[in-house]
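Undergrad: One line per chain: the protein sequences are A and B, in this order.
Going by the working numbering, the first residue of the first sequence is number 1, and it counts up by one from there.
Going by the working numbering, the first residue of the second sequence is number 1, and it counts up by one from there.
Worth double-checking, as some hints may not be accurate.
One copy or two, it doesn't matter: identical chains are merged, so the pair holds either way.
Each computed EDC-like pair below joins lysine to aspartate or glutamate, with the alpha-carbon atoms no more than 20 Å apart [as the list claims (entries may be wrong)]:
1) K120 / D139
2) K131 / D32
3) K121 / D139
4) K131 / D108
5) K166 / E124
6) K213 / D195
7) K118 / E157
8) K121 / D135
9) K166 / D32
10) K120 / E157
11) K170 / E123
12) K120 / D135
13) K118 / D135
Please keep in mind that the hints were generated in silico from the structure rather than gathered at the bench.
Protein chains: 2
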Amino acid sequence: MLLHGIQTHFTPKLLAGKKILITAGATMEMLDPVRGITNISSGKMGFALAKVATQMGAEVTLVHGHATAVRPEVSHAYFAGTANAMYQSVMQHIADQDVFIAIAAVADYSPLVSAEQKIKKSEESLTIQLKRNKDILADVAKLPNPPYCVGFAAETEHVLQHARQKRQDKNIPLIVANQANLALGSDNNSVTLIDDSGEYALETADKTSIAAKILSHLHSQLN
Amino acid sequence: MLLHGIQTHFTPKLLAGKKILITAGATMEMLDPVRGITNISSGKMGFALAKVATQMGAEVTLVHGHATAVRPEVSHAYFAGTANAMYQSVMQHIADQDVFIAIAAVADYSPLVSAEQKIKKSEESLTIQLKRNKDILADVAKLPNPPYCVGFAAETEHVLQHARQKRQDKNIPLIVANQANLALGSDNNSVTLIDDSGEYALETADKTSIAAKILSHLHSQLN
Numbered sequence: 001m002l003l004h005g006i007q008t009h010f011t012p013k014l015l016a017g018k019k020i021l022i023t024a025g026a027t028m029e030m031l032d033p034v035r036g037i038t039n040i041s042s043g044k045m046g047f048a049l050a051k052v053a054t055q056m057g058a059e060v061t062l063v064h065g066h067a068t069a070v071r072p073e074v075s076h077a078y079f080a081g082t083a084n085a086m087y088q089s090v091m092q093h094i095a096d097q098d099v100f101i102a103i104a105a106v107a108d109y110s111p112l113v114s115a116e117q118k119i120k121k122s123e124e125s126l127t128i129q130l131k132r133n134k135d136i137l138a139d140v141a142k143l144p145n146p147p148y149c150v151g152f153a154a155e156t157e158h159v160l161q162h163a164r165q166k167r168q169d170k171n172i173p174l175i176v177a178n179q180a181n182l183a184l185g186s187d188n189n190s191v192t193l194i195d196d197s198g199e200y201a202l203e204t205a206d207k208t209s210i211a212a213k214i215l216s217h218l219h220s221q222l223n
Numbered sequence: 001m002l003l004h005g006i007q008t009h010f011t012p013k014l015l016a017g018k019k020i021l022i023t024a025g026a027t028m029e030m031l032d033p034v035r036g037i038t039n040i041s042s043g044k045m046g047f048a049l050a051k052v053a054t055q056m057g058a059e060v061t062l063v064h065g066h067a068t069a070v071r072p073e074v075s076h077a078y079f080a081g082t083a084n085a086m087y088q089s090v091m092q093h094i095a096d097q098d099v100f101i102a103i104a105a106v107a108d109y110s111p112l113v114s115a116e117q118k119i120k121k122s123e124e125s126l127t128i129q130l131k132r133n134k135d136i137l138a139d140v141a142k143l144p145n146p147p148y149c150v151g152f153a154a155e156t157e158h159v160l161q162h163a164r165q166k167r168q169d170k171n172i173p174l175i176v177a178n179q180a181n182l183a184l185g186s187d188n189n190s191v192t193l194i195d196d197s198g199e200y201a202l203e204t205a206d207k208t209s210i211a212a213k214i215l216s217h218l219h220s221q222l223n
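Please put together the full structure from these sequences, using the hints given.
TA: This is the structure we're talking about:
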């Protein structure tokens, strides 16, 4: 806690007075009470952003799914275990936010039917019908008076192309692209920031340092 | 580490000279490099069994999947992230084991096809074809000279009936039944041991205490 206090003390208060909503971790779309479809996510990068944004003086609202990393102390924290719960929680808290950072690994699809009791295995094969989930980031960006929206694109191939496309499709000012197989679960990350002013490839570093660089860049875009 | 040393020192060496293979945590059956089907499991109960069995003097081999709990120190530990990898790892190490405790939440089904690159969302709905996975515990119990097999039944309804049936179907001497929705992720557990000698409902307790009681009962059955 002392170290945390020192870090907080020496971090420039770039984001003082700003309200930032961050999603982090992974959602899990339940097939029954014990099984579900999920995305790999430790929550580390999202929690690092929440921690550093708090140190920079922002009022952080963290809406998080499942994560193995330790959740940092922020102004407001809410658990949302499914894509639908995360959508509801974000929409409930988005109204007066200055910035929305969507980094949670939200499932794109969820089962049409979720069994109330554990499914007993019996058949040799099984078919699951999935329906598309609502797109939280795209819907926030479409709000009448949207916050400054930051998306993340974790891709396994054609990383920059997919990220540019995603930024365009969702109509958001800033997207952070990274190589999913290198970043997921790791303490380090290597990202490229893409916005109207250009593309910035940051050097590989620990996720806390990457978070500080992303937030400093964000600050420069807000003013 | 000192506390661990003291606990180890004062735990009766009931399982000295025994070799025990324990599976723990959850497998994740990948749909693509970042998404998969998994079971809820913190790994806490399996890791508690591995820790206490080690304290009781056993040579523990731990084959574990994904887990949020901290892995205890054991003689041998192997990560197996999928049902197939766990099957292979167990079969590779089972030959000279005295006891096999299968508590991992192993997926019953896995996708017929796993994409090499992240699937891009495009369709409004999606269908996933799954195939049945091999049953690790049942196959170990069918070995010519099987170890003493302990199964776990985490059920959401008709807990004891399902557990009795599972014990019979897999042809194993001891099964531990519990209520999945109460046990999963919790530090406590409430279980019933079912073997040829009867059914023993243990009082609700922390998972370390439950592990000690299960292993003491196991010891009584081995001799």
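Undergrad: Next step is simple, just say for each hint if it's right about the structure.
TA: Each hint tested on the structure:
1. K120 / D139: between (38 Å within a copy, 19 Å between copies)
2. K131 / D32: Result: close both inside a copy and across copies, 16 Å intra and 17 Å inter.
3. K121 / D139: The answer is between: 16 Å across copies meets 20 Å, while 38 Å in one copy does not.
4. K131 / D108: within (8 Å within a copy, 22 Å between copies)
5. K166 / E124: between (38 Å within a copy, 17 Å between copies)
6. K213 / D195: This pair counts as within: shortest intra-copy Cα distance 14 Å, inter-copy 59 Å.
7. K118 / E157: Cα proximity of K118 and E157: across copies only (8 Å, versus 36 Å in one copy).
8. K121 / D135: Answer is between; shortest inter-copy Cα gap is 11 Å, intra-copy 33 Å.
9. K166 / D32: between (32 Å within a copy, 19 Å between copies)
10. K120 / E157: between (37 Å within a copy, 11 Å between copies)
11. K170 / E123: between (41 Å within a copy, 17 Å between copies)
12. K120 / D135: The answer is between: 13 Å across copies meets 20 Å, while 32 Å in one copy does not.
13. K118 / D135: Intra 29 Å, inter 17 Å, cutoff 20 Å: inter-copy only.
Checked against the numbered hints given earlier, the structure satisfies every one of them.
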